[in-house]
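Asks: Based on the sequences and whatever the hints tell you, model everything.
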Amino acid sequence: MIRDFDTIVKFYTPSGIYIDSFNMQGTNPYAMQLKITDEKIGGLKDFSITIQRDVTIRMFNQMFVEFWINQNRWYTGIVNFLPEVDQKKDDIEIQGNGLYSQLQDQVMSHTYNNKTPQEIIDDIFTNQIFGKTDVLYSIANINPPAITLTTFEANDKKVASVLENLMEICNVNFNAAEYICYVHSDKYIYFEEMEKATLKRNFFEGSDFQDPKVKIKTNKLINAIDIFITDAVSQTVAYSSTVNDTDSIAYYGESKQKLTIPSNMDSDTGENIANYRIEKWKNPKKTIKLKDLKIEEEPFPFGLYGITTRHELNRFVVDECNTLDTWTYNLAGSSIFIDDAIMMSGRNSFRWEVTSYDSDYIQFEFDEPLWFWEDLILWIRPEDWECEYQVYVEDSDGNSLNSDYFILEVNDLNPDYLMLENGTDYFTTNSIRSVFRNVVIEIIHDNRNIALENNDLFVLENGVDELVIDGLEVVLNKMVLGDFNPVSIPNGNQIYNIKKIKIASVGAGTTSYLDRIEVIGRMFSTSKLTMEKIRYSTDNNQILADADFGEIEENAVDKIKEIKETQTSIFSIFEKH
Amino acid sequence: MSQFMLIDEDDNTYLLPEGTVIPDDVKIKADNKSIQRSFRDGAVFPGISRMKSRDISLDFPHWDKTDDDFRDTINELLSWCVKAVKLRDVTRNIETDVLFQQTSIKWDKGGFLRSSDNSVQFEQLFPYWEDVNYSIDYVAGTPVTTSGTLTITNNGYAEMPLLITFSNPSGLVPSIVLLVTENNQGMTIEDPSFGNNVLDVLIMDSKNCEVTLNGVKRNQYINANTGFITIPLTQGTLDYTITGNVGFSVQYKARYFI
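Chains as they are written, first to last, in my numbering: chain V, 1 to 577; chain U, 1 to 258.
One or more of the hints may lead you astray.
[As the list claims (entries may be wrong)] Pairs of lysine-lysine, DSSO-like flavour, derived with a Cα cap of 30 Å:
(1) V/K499 with U/K217
(2) V/K294 with U/K86
(3) V/K533 with V/K220
(4) V/K533 with U/K106
(5) V/K286 with U/K217
(6) V/K294 with V/K528
(7) V/K196 with V/K289
(8) V/K291 with V/K533
(9) V/K294 with V/K35
(10) U/K86 with V/K291
(11) V/K213 with U/K217
(12) V/K294 with U/K106
(13) U/K253 with V/K294
(14) V/K215 with U/K217
(15) U/K217 with V/K289
(16) U/K86 with V/K196
(17) V/K132 with V/K157
(18) U/K83 with V/K294
(19) V/K200 with U/K217
(20) V/K291 with U/K83
(21) U/K217 with V/K528
(22) V/K187 with V/K215
(23) V/K200 with V/K502
(24) V/K291 with U/K106
(25) V/K35 with U/K217
(26) U/K86 with U/K109
(27) V/K256 with V/K217
(28) V/K187 with V/K88
[Stated by the list, open to error] If you want the footprint, here are the derived chain V segments under chain U, 3+ residues with CB under 8 Å:
(29) 199-206
(30) 368-379
I should point out that these hints are in silico values taken from the structure, not numbers from a laboratory. The C-beta atom is built at its ideal place from N, Cα and C for all residues, glycine as well.
Replies: Here it is in C-alpha cells:
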C-alpha cells in the first residue's frame, strides 16, 4: 500500500551549474527527509532537506535547489541556511526559501500616475530591479485587471509589499475574481486571476482524509473602513471616506478599521483596497485543515477545493428571511413587510399580508442544486386561521413537484367537527363533535390534480394523527396560532434536488410571518474552500501533504518575514566527510 | 475449520499449514469516528459506526521437525509474511488486506526440536473481511438510455460498497445520478469529458472513494453534498438516472466482520 514515488533533489550553483543531486530511494547519496511549504501568495515559502552527515557534497548558501517529484519539477528554491561544520548531529538539515522572498529585499523607487497595475509591475521588473534577483520576468505572465490608478504610491517600498498592495487593489471584487502573485518553479513571477470556477479536487472523509480540523474564524471580521489620506506637506492624516457593508453590519454589528493611505494615492484606489478587505472579511471564515493527503503527479494547484465529510443528518438554512434582496417575487395582491419585531431567528422575518392571491409568489433559487434532500421545513407563524401557503419545489432540470405538495390550514378558531367538503380543498367544521383544532395538513401525493370526488366526506376522529383519503396520505401536525411552527414537506425521493423554492400565498385576507426555511437530509456535506497553504513532508518512506483551506493570511509578506533568515555568506563552501 | 492462505501483490499464493487457527480471544472494537488509519489502509466508507482496524493473530499447530526442516519452514513462512498483502480464508472464500507485524516462535524444552507455540500477527488494514470475487448483479453492455432501479442483495453483515463501471458511451454523458433509497446515500457525477470517446470508461469505486475516468481520478466532478454510496444490510435499491447513452455494470463484494 506504500505509494511509489520518485523524488530527486538537485543542486545548482547561483550561475546554474549542476552540482549534485539526492534521491529518496535509498541509493547514495540520499536525502532522509524533506519538508516543503507552498503558499497561495508567493509560491514556495520554505523548505528543509535532511541528509546524512557522511555524504560528501559541495554545499553553500544561495545555491539553487530543485525538487523533482514523479518526474516533474515541483519547486525551485534557494538555500539560505547551512548548519555549522562542527555540529555533532548525525544528520544535516539544509534550509531555504522560495525565490519570492528575494523580492522582500528589493526596493522600488517610483510613484506612478495614470498607470495600470500591469504597467507598474512591468516598470518595476524591467527597470528598477532588473538583474538584482533570481526571479525571472515576462510581461506575458502578468495579467491583472485593467484598473487605471490615478496616482499610486506604496506604503512600503519593498517590491513584495508593492505587489501585495496591487493585489489588494486588483481584488476589489475578491469573491468574484481573486488575483494572486507567486513565483513558479520555472523561476518566473506570475500575477494572474486564480481559477475558481471549477473544483480542483474533491476530498472525501474516510478515504482521502480523517479527522478534519474545522474552525469558524470570527476574530478578523471587518465590515466598515474609514479611509484617511496623509497630507503631503504636514504629514497629518485627513478623513477621506468610509466604505462599509450594511448586511454584515446588520448581522454582526459594526467592526470598523482604519486605513491610512499615502498622500500620493488617489481616493478611488484607497477605496478599492478598503472594498477588498471588506469583501474578504465581512463574514466569518470557515477554515479546514486536512492531514496526510496523497500526493499526485503535480503539486496540488491553488484554487477551489471540495471537502466532503461523512454521510449524516445535515441541516441547511436556505434563508433566514431577513431581506427580499435574495428572492425574486411577484406580489400584486400581497404585501411583504420586513419585520424586525416578530421573528424566531436572524434579525427579520417576512410579514405576509395577503389581500388577493392570484399569482403572488416569492421564489428562492440556489446557486447550485441541493441534492438528495429529505425535508423542507418552513417556519411559519399564522396570525389568522385562513392563511395558507402553497409550496413549489423545482429541481435543476426544471422538474417540479408543483401542486403535489401543499398545505391546508384548518380555518376555524373553534373547530368542533372536521370534514373535507365536496369538491373543495378545505377542511371545514360543524359543531357536532369537538376534535381537531389548530391543525396543518400536508397532502402528499403523486398527482394532486385528481380532484376530490364529489361524494367524499371525511371525518377526522379525535386522536387520529394520520389517515388515508383516496390514496392520499395525510399527515397532521399541530399548528399554534401566534407562534412560529415548523411545517415539514417531505421529499420522498420524488425529485433528486432542489434548485428553486417558490412559495405562493393562497388564503386571502390573512396575515402570517415566514421566518426561516431549512432543508434537512441525511446527506454528505461539502465545503468549498480555497486552498491557502500546503506542506509536503516525507513520512514513512512516502510523501504526504497537509493542507489548509479557507484560511486567508492577512499579509503574505509578514509570513515570509517570519521564516526568512537573511544569509550573506555566498560561497561559504564546506566540504564534509 | 478454516484454512488460510497468504497472497502477494502479484496474486501468488501460499497455503498456511493445516491447523492454523485464529485464536479464540478475538477482540473487535467499534469506532464511532472515521477509521483510525489514513488512506494507505484503504478506504472505509464513513458511515454511522464501523469497526476499527485491528490485529489478526494466527496460531500454528506444533511442529516436530529436524533442525533443517524447521528452518526451511520458518524461512518460507516469514518470506511470505513480509510480502503478503492479503490474508484469505480459503474455506469461507473471504479475504482481508493485511500488513505483517511480527511473528512469535517458542521452542519447547527438551532435546527434540518441537515448537508448539507459534503465531504470526498481521495488522488488518481494512476492518472487514470481504468476498474474494465480485458479484456482478447488473450488466448493460450496449449503450442504453438508462433510468430505473436495481435491487442489490447484501448477504454480508456490513454496509457494502459498489464498483460501478460505465463504458461504451455513445456521445457525451453529462450527468449520472445514483441514489440508494434505503439510506438516502446519493452521488451525482457531472464530468464534462465523459463520452468524448467511445472507449471512455468511468468507474465509481465506493470502496476506495474514487471516481476515475480512464484511470485518472475525477472526484472533483462529484456534485456538492453528494458522495460515495453503499448498500445497507439485507438489500438496497439503486435508483439510477443517466443522461446520455452508456453501458454499465454493478459489482460488489459482501463484507464480514470476522
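Asks: Evaluate each hint against the coordinates.
Replies: Structure-based check of all given hints:
no.	hint	in the structure
1	V/K499 with U/K217	holds (28 Å)
2	V/K294 with U/K86	holds (22 Å)
3	V/K533 with V/K220	holds (19 Å)
4	V/K533 with U/K106	violated (52 Å)
5	V/K286 with U/K217	holds (27 Å)
6	V/K294 with V/K528	holds (19 Å)
7	V/K196 with V/K289	holds (19 Å)
8	V/K291 with V/K533	holds (12 Å)
9	V/K294 with V/K35	holds (15 Å)
10	U/K86 with V/K291	holds (27 Å)
11	V/K213 with U/K217	holds (25 Å)
12	V/K294 with U/K106	violated (40 Å)
13	U/K253 with V/K294	holds (25 Å)
14	V/K215 with U/K217	holds (28 Å)
15	U/K217 with V/K289	holds (22 Å)
16	U/K86 with V/K196	violated (42 Å)
17	V/K132 with V/K157	holds (15 Å)
18	U/K83 with V/K294	holds (23 Å)
19	V/K200 with U/K217	holds (11 Å)
20	V/K291 with U/K83	holds (28 Å)
21	U/K217 with V/K528	holds (19 Å)
22	V/K187 with V/K215	violated (35 Å)
23	V/K200 with V/K502	violated (33 Å)
24	V/K291 with U/K106	violated (41 Å)
25	V/K35 with U/K217	holds (26 Å)
26	U/K86 with U/K109	violated (34 Å)
27	V/K256 with V/K217	holds (17 Å)
28	V/K187 with V/K88	violated (35 Å)
29	199-206	holds (count 8)
30	368-379	holds (count 6)
In this structure, the hints that do not hold are numbers 4, 12, 16, 22, 23, 24, 26 and 28, in rising order.
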